[in-house]
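Top to bottom, those sequences are chains A and B.
When we follow UniProt numbering, the leftmost residue of the first sequence carries the number 1, and every step to the right adds one.
When we follow UniProt numbering, the leftmost residue of the second sequence carries the number 1, and every step to the right adds one.
Calculated directly from the structure, the hints in this document are not laboratory data.
All the given hints hold, so there is nothing to weed out.
So the derived label-pair ranges between C-beta atoms look like this:
| id | chain 1 | residue 1 | chain 2 | residue 2 | range |
| --- | --- | --- | --- | --- | --- |
| 1 | B | L307 | A | M235 | 28 to 36 Å |
| 2 | B | K44 | A | Q353 | 23 to 31 Å |
| 3 | B | R42 | A | D183 | 29 to 37 Å |
| 4 | A | A51 | B | E306 | 25 to 33 Å |
| 5 | B | L342 | A | K44 | 25 to 33 Å |
In this text, a Cβ means the ideal position worked out from N, Cα and C, and glycines have one as well.
The chain contents come next:
Protein chains: 2
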Amino acid sequence: MESIYNFSAGPAALPKPVMQQAQSEFINWNDLGTSVMEISHRSKPFLKVAAEAEQDLRDLLSIPTNYKVLFCQGGARAQFAAVPMNLLGDKKTADYIDGGYWAQSAVTEANKYCQPNVINAMVEIDGKKAITPATDWPLSDDAAYVHFCPNETIDGIEINDLPVTDKPIVADMSSTILSRQIDVSKYGVIYAGAQKNIGPAGICIVIVRDDLLDLASDLLPSILNYKVLSEQESMFNTPPTYAWYLSGLVFKWLKAQGGVTEIEKINRTKGEVLYGYIDQSSFYKNTIHPNNRSLMNVPFQLAKPELDGLFLQQAEQRGLQALKGHRAVGGMRASLYNAMPLEGVQALVDFMQEFEQANA
Amino acid sequence: MESIYNFSAGPAALPKPVMQQAQSEFINWNDLGTSVMEISHRSKPFLKVAAEAEQDLRDLLSIPTNYKVLFCQGGARAQFAAVPMNLLGDKKTADYIDGGYWAQSAVTEANKYCQPNVINAMVEIDGKKAITPATDWPLSDDAAYVHFCPNETIDGIEINDLPVTDKPIVADMSSTILSRQIDVSKYGVIYAGAQKNIGPAGICIVIVRDDLLDLASDLLPSILNYKVLSEQESMFNTPPTYAWYLSGLVFKWLKAQGGVTEIEKINRTKGEVLYGYIDQSSFYKNTIHPNNRSLMNVPFQLAKPELDGLFLQQAEQRGLQALKGHRAVGGMRASLYNAMPLEGVQALVDFMQEFEQANA
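One chain only, chain A, in its complex shape (with noise of 0.2 Å):
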């Protein structure tokens, strides 16, 4: 069979060696005769699976000492209710940096609880979508915190900017976490859902910084309590343990190919290669402005839209997956996540120039 490349948003693919691995222990793990995920998530063998898990992304993310590490079930979906449940304490607002689809969908979630400060931080610049520097961000006084997505899955916006505040900076990193090095510190909260650098859909990653713990609503379900996930560690309720084992192996992976450092490196690469060959071409194009484009998600355009269809099948046919884009946007999308290995992208490229030839 052809080399099949999986371009999907999310739930996306992961890396080839961590499939081959799960496969292979999939019904016999760790010679117990079974498959890891018919153990009890309290055993010791799965408690190993657990801590190492998360030592690796404490690792890879050089995550401090007074942070937690939460593994949740619910998604990002859950935090935007989640994030405002634990963190307003006795405050009433909390301000929302607009710059997509996703930091949206927080903001409806947030009213529920609060008066969100919502700042639209998206602007055109020669006619591409930009982001407005932090600088220019209308803070407000009484915030209980700062909640942005650094990274818009569907829109293919990437925010490089820290908002420029003391109060705790919460960020929706679903579809950037992993792929590029941050500096967890000057963070409250960091949340992601597994499906896109991560693992399979079903676990979703929460860093919070020890002094935010105790702020939560008496209304807040239990089981999406920091403080309780925390005292539990993350075994308040049986957690989706097989989605935390393969989320394990990930890390372990990353690991094994030098780490964020490294992967940001390739990433960064990845996205000059299809940015570059969309640039010099007349007949795709990207309408994000280059200072805001996402590594990690490449939505492009035909000039002739009345082609998607053909490309999409031809695409298919070529073992190129998974291309459609969203439908809020449109056209086509990419998805480069970590898992997609730079030979994707060359093999999407060297399908897009013969598909321009072709069409043009």
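With the hints as your guide, set chain B onto chain A.
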């Protein structure tokens, strides 16, 4: 390798043929060249998986058309909050039948949202733990619903009665769903964490009567809102796709066994074999009254508790895994979910007999 029988209370063993199929198609599912966990939940192939799983569950439990089936995250623990937040409406109380550990855990969480009317249904008859008849439960007039847990995984107690009420009956069926026939039309809400009789940990089934969808609290996180999940066909957030797929395979396996009617017969036989052996022995005991013995979770104690460690060690050597009792009860516990074949129970009894002969 000798046969392994895994008596884990949860995450529990899944049917062997399911695990074998899942392993064989782990990396190349449906000839896509990729795993089912690596494709979009909104892709046609996954939507088919999702719809088939729902239909198979509807067939297995004869779920009436006026009930919605939701595939959620957060386990039954999440439902401990979701139930009151979805169902209280303007009511201030709900009845909670107390039959053991999990019923009590549901009360603890419900306390955040209402003043639960807790009805202690536990009683001792002839030195054995039993449950009072439902006709004796003092239900309140102003309850929004009546909550109970028909099978107490830790205590090994099964409640065969239904509350006598015209209020919505809410049942935590985590460890009993699909093990015996039920009449869904008698319930308002049935919920069940998957990791016992359905699939891997990380997915939770909610079956809800559609007239109960309009009572949700404004403060309910959307990911726990039955109406939102129902309108979005359990895809308001990215669902745990791999757990959903595996649950679907379990449903197909169960249908191939003859459905719930047939598996119930096997489960009854399994219970007779194990309880029958315990009852004729003075070396082992079970402290639950025969009327309320769980078919799914059989706790038992040795007359000489100092031999517990030796029992567990030798059992493990024989491939009889995860028999250690919950710390709250002590001794041993054999969980006999659907995936445990009769031969596994027979192997356990054979070992118990040998151990008794050697150590009585």
